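Residue numbers (our numbering), protein chains in the order written: chain A, 1 to 372; chain B, 373 to 596.
Keep in mind the hints are simulated off the structure, nothing from the lab. Keep in mind that a hint or two might mislead.
As the list claims (entries may be wrong) - Stretch by stretch, here's where chain B covers chain A in the computed footprint (C-beta under 8 Å, at least three residues):
1) 79-90
2) 131-139
3) 320-328
Stated by the list, open to error - Residues from chain B that keep clear of chain A, each with C-beta distances beyond 10 Å, as calculated:
4) Leu378
5) Val398
6) Phe471
7) Ile540
8) Gly541
9) Gln556
As the list claims (entries may be wrong) - Derived Cβ-Cβ restraints for the label pairs, each shown as a range:
10) A:Thr8 to B:Leu581: 53 to 59 Å
11) A:Thr73 to B:Ala424: 25 to 31 Å
12) A:Val264 to B:Pro588: 56 to 62 Å
Note that this is a predicted model, so its numbers are computed, not measured. Each residue gets a CB set at the ideal place from its N, CA and C atoms; glycine is no exception.
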Amino acid sequence: MITFEGVTKRYRDGTVAVDDLSLEVPTGAITVFVGPSGCGKTTSLRMINRMIDATSGRIALDGQDVREIDPPTLRRGIGYVIQQAGLFPHRKIVDNVATVPYLLGWSRKKARARAMELLELVGLDASLASRYPFQLSGGQQQRVGVARALAADPPVLLMDEPFSAVDPIVRASLQDELLRLQSELRKTIVFVTHDIDEAVKLGDTVAVMRVGGRLAQMAGPATLLTEPADDFVREFLGRDRGIRRLSFISAKEVRLSPAPSALVIDEDGRPLGWRTGDGLAAYGTFNPETDSLRVALDAALLSPNGIAVAVDEAGRVRGVAGRDAIDELLAEHAPPAAGPFRDAGSPRAAGSPPAGSPPGGSGAGISEGVPT
Amino acid sequence: MSEEPLIRWDWIARNWANGSPTAISVLLENHVVTAFLPVLLGLIVAVPLGLACVRWRWLYQPTAALMNVTYSLPSLVLFSIFLSITGLTRSTVVIPLTFFALAILIPAVVDGLASVPDSVRQSAVAMGFRPARRLLLVELPVAVPVVLAGLRVATVSSISLVSVGALIGQGGLGNLFIDGWQRQFYTPIVVGIVLIVVLAVLADGLLVLAQRLLTPWSRARRTT
């Protein structure tokens, strides 16, 4: 657990980058610091491994004040992934990954063996090990950056806008990869981004920061979407909050009906389309086991008759869900009622706090709740 | 004089290695030593001085200004200054040439260190490098291509400037020019020019080769 207690960073020219920040980063989960530029999210991250020292307040790592630890020693125990990957251009990939093990005095052989393990873990081919960074694509470099950060198996991982310099498709795959890795590794990850969609996708907890280095709201992503603490958070979250929130509801409970005869199915049980007067019309599918309600709704909207086709992993039809079935589940998961004449800007008390949400963090929202 | 050919091959053959201190091979050797010594000394001084200029920013402007002024002085002036101190010795040529080399190499070291991408420096800090190790294992190696580019310029210009030292008898192959002018005899002049050019091209080629071997990764700089 990483604890910020009244942490302030004031520069000599008087600029306040972080203002009295108090929050807890839970162990084994991804906490995202998100906010517009100038909100102090990167500064906050860098104060954890003392690349920047706080002006006042205290940051503790499992109870120990980071200021009591010699910075290089502290940093070797904390993985760090930087925006442009920051790979050492003069070192081969394998040696880049083995950087911290080398610094810790491991033998070359052991360090390299470990590096090879990590390359595999992040999904890179072993043949890349002897290349130089410039020979890799941006996405590959960023994977190496993650492997390097994990090399000495640190319990804590700091990620400073690691995926912002790659194209959207690569970014999405890197995000998925990170979630897959995290489900195996259960590191304590602090992830900084300015992209709210990335924050909502990756974060178990999301800390929204506002310009001037103050915490606006800290909550789980689903809570954040339904109950933004104030106008700033609401605006920062952007449009379609209601639809986006459906990503956090599993489609598992959607009531399925047997496929009607209008759905044409091939001999393997896979859907071909909806029968219409003069041919086959488009259809949308979702996998109730793995997909969210958002995908199910999307699938329904893609079909001319408003019926989503449920399929299994192999793509075989398991049933269908009409909009009525989806509506039932939507109603079950409706945002908590907060009282009359209020939209989603309801006070925190109306919802149950997410599992990992610290009391101090969510409190920031209450005092600034904006009536509508 | 009008029938004097541009090159008398027999003169070259007779004067290549005839045991005299003015034999072409001896002059060539002198030229090589007198040209490379300043570059070597310059590099030894420029690295710590360049580092100091990066560490203490205020030091760079005055250092660069001083070096530029030195570079703008005609080499002849510098030679005559040192002539009164070191006399008719090789040092009288080597010391001014070292200053010329410094004028190129100090900015090269400073620019080289400045060329280290911020993300690289920061990730080195974040990985837990201590300052000295970071400099030695990350920043200096990454600066090598820029430093080597400066080293190429310094080397070639040093090879060409040595000839001026002929005025005090320490010019290596430059001595052939004086000999040729005084006797209105072209062969030594041509030999001198050709050998100096060959020497410069050769030295530059060796440095390019060294760069290929030392920094197989340096294409990264151009692609990113």
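Going down the list of hints, with the structure as the test:
Proximity of the segment 79-90 of chain A to chain B, defined as three or more residues with a beta carbon under 8 Å from a beta carbon of that chain, is established by the 10 residues found. Closer than 8 Å: that is the beta-carbon criterion, and the segment 131-139 of chain A has 3 residues meeting it against chain B, so the requirement of 3 holds. A count of 0 residues in the segment 320-328 of chain A with a Cβ less than 8 Å from any Cβ of chain B is obtained; the coverage claim is therefore unmet, three being the minimum. For Leu378 (chain B), the requirement that its beta carbon stay farther than 10 Å from each beta carbon of chain A is met, with the minimum near 49 Å.
Remark: the non-interface label on Val398 (chain B) is consistent with the geometry, its nearest Cβ contact in chain A lying 41 Å away (cut-off 10 Å). Residue-level check passed: Phe471 (chain B) sits 31 Å from the nearest beta carbon of chain A, beyond 10 Å. For Ile540 (chain B), the requirement that its beta carbon stay farther than 10 Å from each beta carbon of chain A is met, with the minimum near 44 Å. Residue-level check passed: Gly541 (chain B) sits 45 Å from the nearest beta carbon of chain A, beyond 10 Å.
Gln556 (chain B), annotated as away from the interface, keeps every beta carbon of chain A farther than 10 Å; the closest lies near 55 Å. A beta carbon spacing of about 55 Å between Thr8 (chain A) and Leu581 (chain B) agrees with the range 53 to 59 Å that was offered as a hint. Checked against the given bound of 25 to 31 Å, the beta carbons of Thr73 (chain A) and Ala424 (chain B), roughly 28 Å apart, stay inside it. The hint said 56 to 62 Å for the Cβ distance between Val264 (chain A) and Pro588 (chain B), and at roughly 59 Å that hint holds.
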